[in-house]
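Residue numbers (the numbering used here), protein chains in the order written: chain A, 1 to 334; chain B, 1 to 334.
Don't read these hints as lab results, they were simulated from the structure.
One thing to keep in mind: the hints can contain errors.
Mimicking DSS-like on lysine-lysine, the simulated pairs with C-alpha atoms at most 27 Å apart in a straight line are [to be verified]:
id : chain 1 : residue 1 : chain 2 : residue 2
1  : A       : Lys184    : A       : Lys2
2  : B       : Lys22     : A       : Lys165
3  : A       : Lys290    : B       : Lys165
4  : A       : Lys108    : A       : Lys165
5  : B       : Lys165    : B       : Lys184
6  : B       : Lys2      : B       : Lys184
Number of protein chains: 2
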Amino acid sequence: MKILVTGGAGFLGARLARELLKAGQLDGRTITELAIADLFPPPADLGTDPRVRVYTGALLDQAALFASGFDGVFHLASAVSGECELDFELGLRSNLDSTRVLLEGLRKAGNVPRLVFASSVAVFGPDAANPMPELVGDNTLPSPQTSYGTHKLMCEYLIADYTRKAFIDGRSARLMTVTVRPGKPNGAASSFFSGIIREPLAGVQTTCPVGPEVTHPVSSPSSAVRGLMTVFQASRDAMGGRLALNLPGLNVSVGEMLQALELVAGAEVRQRVRFERDERIAGIVANWAKGSTADRAAALGMRADASFQAIIEQYIADCRHPSYPADALQGLDR
Amino acid sequence: MKILVTGGAGFLGARLARELLKAGQLDGRTITELAIADLFPPPADLGTDPRVRVYTGALLDQAALFASGFDGVFHLASAVSGECELDFELGLRSNLDSTRVLLEGLRKAGNVPRLVFASSVAVFGPDAANPMPELVGDNTLPSPQTSYGTHKLMCEYLIADYTRKAFIDGRSARLMTVTVRPGKPNGAASSFFSGIIREPLAGVQTTCPVGPEVTHPVSSPSSAVRGLMTVFQASRDAMGGRLALNLPGLNVSVGEMLQALELVAGAEVRQRVRFERDERIAGIVANWAKGSTADRAAALGMRADASFQAIIEQYIADCRHPSYPADALQGLDR
Chain A
1 MKILVTGGAG
11 FLGARLAREL
21 LKAGQLDGRT
31 ITELAIADLF
41 PPPADLGTDP
51 RVRVYTGALL
61 DQAALFASGF
71 DGVFHLASAV
81 SGECELDFEL
91 GLRSNLDSTR
101 VLLEGLRKAG
111 NVPRLVFASS
121 VAVFGPDAAN
131 PMPELVGDNT
141 LPSPQTSYGT
151 HKLMCEYLIA
161 DYTRKAFIDG
171 RSARLMTVTV
181 RPGKPNGAAS
191 SFFSGIIREP
201 LAGVQTTCPV
211 GPEVTHPVSS
221 PSSAVRGLMT
231 VFQASRDAMG
241 GRLALNLPGL
251 NVSVGEMLQA
261 LELVAGAEVR
271 QRVRFERDER
281 IAGIVANWAK
291 GSTADRAAAL
301 GMRADASFQA
311 IIEQYIADCR
321 HPSYPADALQ
331 GLDR
Chain B
1 MKILVTGGAG
11 FLGARLAREL
21 LKAGQLDGRT
31 ITELAIADLF
41 PPPADLGTDP
51 RVRVYTGALL
61 DQAALFASGF
71 DGVFHLASAV
81 SGECELDFEL
91 GLRSNLDSTR
101 VLLEGLRKAG
111 NVPRLVFASS
121 VAVFGPDAAN
131 PMPELVGDNT
141 LPSPQTSYGT
151 HKLMCEYLIA
161 DYTRKAFIDG
171 RSARLMTVTV
181 RPGKPNGAAS
191 SFFSGIIREP
201 LAGVQTTCPV
211 GPEVTHPVSS
221 PSSAVRGLMT
231 VFQASRDAMG
241 GRLALNLPGL
251 NVSVGEMLQA
261 LELVAGAEVR
271 QRVRFERDER
281 IAGIVANWAK
291 GSTADRAAAL
301 GMRADASFQA
311 IIEQYIADCR
321 HPSYPADALQ
331 GLDR
């Protein structure tokens, strides 16, 4: 089968591509070709696999590629939340128009490909007329408070309609905040959820822009990737007749995250994080979900990460992969 | 103030334009110019008012007009539900892309105009994972089952985001099914809700494509127009911090509609309606709301029509307007 991963050069997309190539099959069918479409070329290890085809450039220009007859698509490409708040047109172009081009291409191909859309917990937000529940669930009324969340939600509904019309077999899976991400901070308002673990482990002092009492649903990269693959392989019946679901999240406070860091890496590492409030980030995060439930994902057999320590241990193990910076664990005394 | 009514040549848009011109003011400000943008020219009585400017053509081509500095906008232009089910691209173009062009124009104008978007009860639908309640309310999770409803919902969320960013001051008001519409049946799947009253009053035999037990929330044209004007004039605070609300509907069954017709116009008129199931229409209608609530509209002082008899009486009175067909009441013995 021919698979397309948009955003396949990104952190999560590349990890998903590796998992797919390692498994060699998906939903019982051999993967003969894996196309990676992204603004940037993928990490070196992906580019050398003979099954991989690389398409570098804006998704807006890939209409012909999208119509070329894929059997399965993972649509992860996205500008991130902080970027979209700063550049409104970028968000419309990258997150809404690009998805339109992708869906039209898949429709024109005519083979009703299966598609998994990486949506986000950012579709939820507070709403004066209907306050956000403590835990956002599959049936919570979305009320996004960022352009990023707005466009994700619009795409969920558009994908549901393309699916209803039998142009594609689409599903939307809402990712929780994925942590720990390697590399540099990115423009996502949630970037600090990785930074407060990644930087101290690398021996770098860092600040946390929100207080220790802030709670949020998070997941490890491997749990997120497993979630996307599980949703791809679920039958339409098992999806429960609706097309957007929450992926499992571990509901954890910033204080608990730092406590876990101390347990795993020691007090000295933990001390490299200092609280320094950033009003712009704190304002965005104040409108985010405090925690989540994922009943429909649970019915598909998915579980949240066992603990935040386990998430940190996964990151430390990941740091041995050649795509991770050589000095990623420079601050860790072991 | 300069007002724009998109779809202002249509049934509801023209009625709204007349009401605005008659009032001469809106929200305490004198209306100096009323622009009507539609595919077709408006009824003759509107074209002759010196305050009216007519812009005929596709909204997609009116970017410059939209950016020309309106103080208030009523966005009613739309392809109807049945059409969009038959022509998927028409729906995307007319209901999604056109709204995009309108919003971008208003954003570029830079004066943060107020906008009321005519959304629809069609945003609601059944959902296997979360069944539709008997009555759909402001806080019901939307699950549209038509492209029309999907695009309306997407536009609601986009308008909320443009408003959050302070590019416009937008509000979305979900119209219930407006009846009795004059003239010919149109492509809307809901067309029969008008046809079963309009045709027998004109002396014409007609069929009803769904059973008498089917219930649905409806409103008279004057109630719908009043609702849109009330939402325009509400303060942002009074909107309750969220931007889409249900307009009031009268929850009524097809059987009760025909009973009201008999009470108002006699048994002979009622007998001109014969039940003849149309599977395509019945299938669409089966996924519609059986009734609605409108708590937020009620808080703004809006009420549903008093009875379906009152709605029929309103239609009969309207038939005296020169824009209505001369033979509209040919079947009525009075």
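Verification of the hints:
1. A:Lys184 / A:Lys2: violated (32 Å)
2. B:Lys22 / A:Lys165: violated (44 Å)
3. A:Lys290 / B:Lys165: It holds: about 23 Å lies between the C-alpha atoms, which stays within 27 Å.
4. A:Lys108 / A:Lys165: holds (13 Å)
5. B:Lys165 / B:Lys184: violated (42 Å)
6. B:Lys2 / B:Lys184: Since the Cα atoms of B:Lys2 and B:Lys184 sit roughly 32 Å apart, the hinted pair is violated (cutoff 27 Å).
Of the numbered hints stated above, those contradicted by the structure are hints 1, 2, 5, 6, listed in ascending order.
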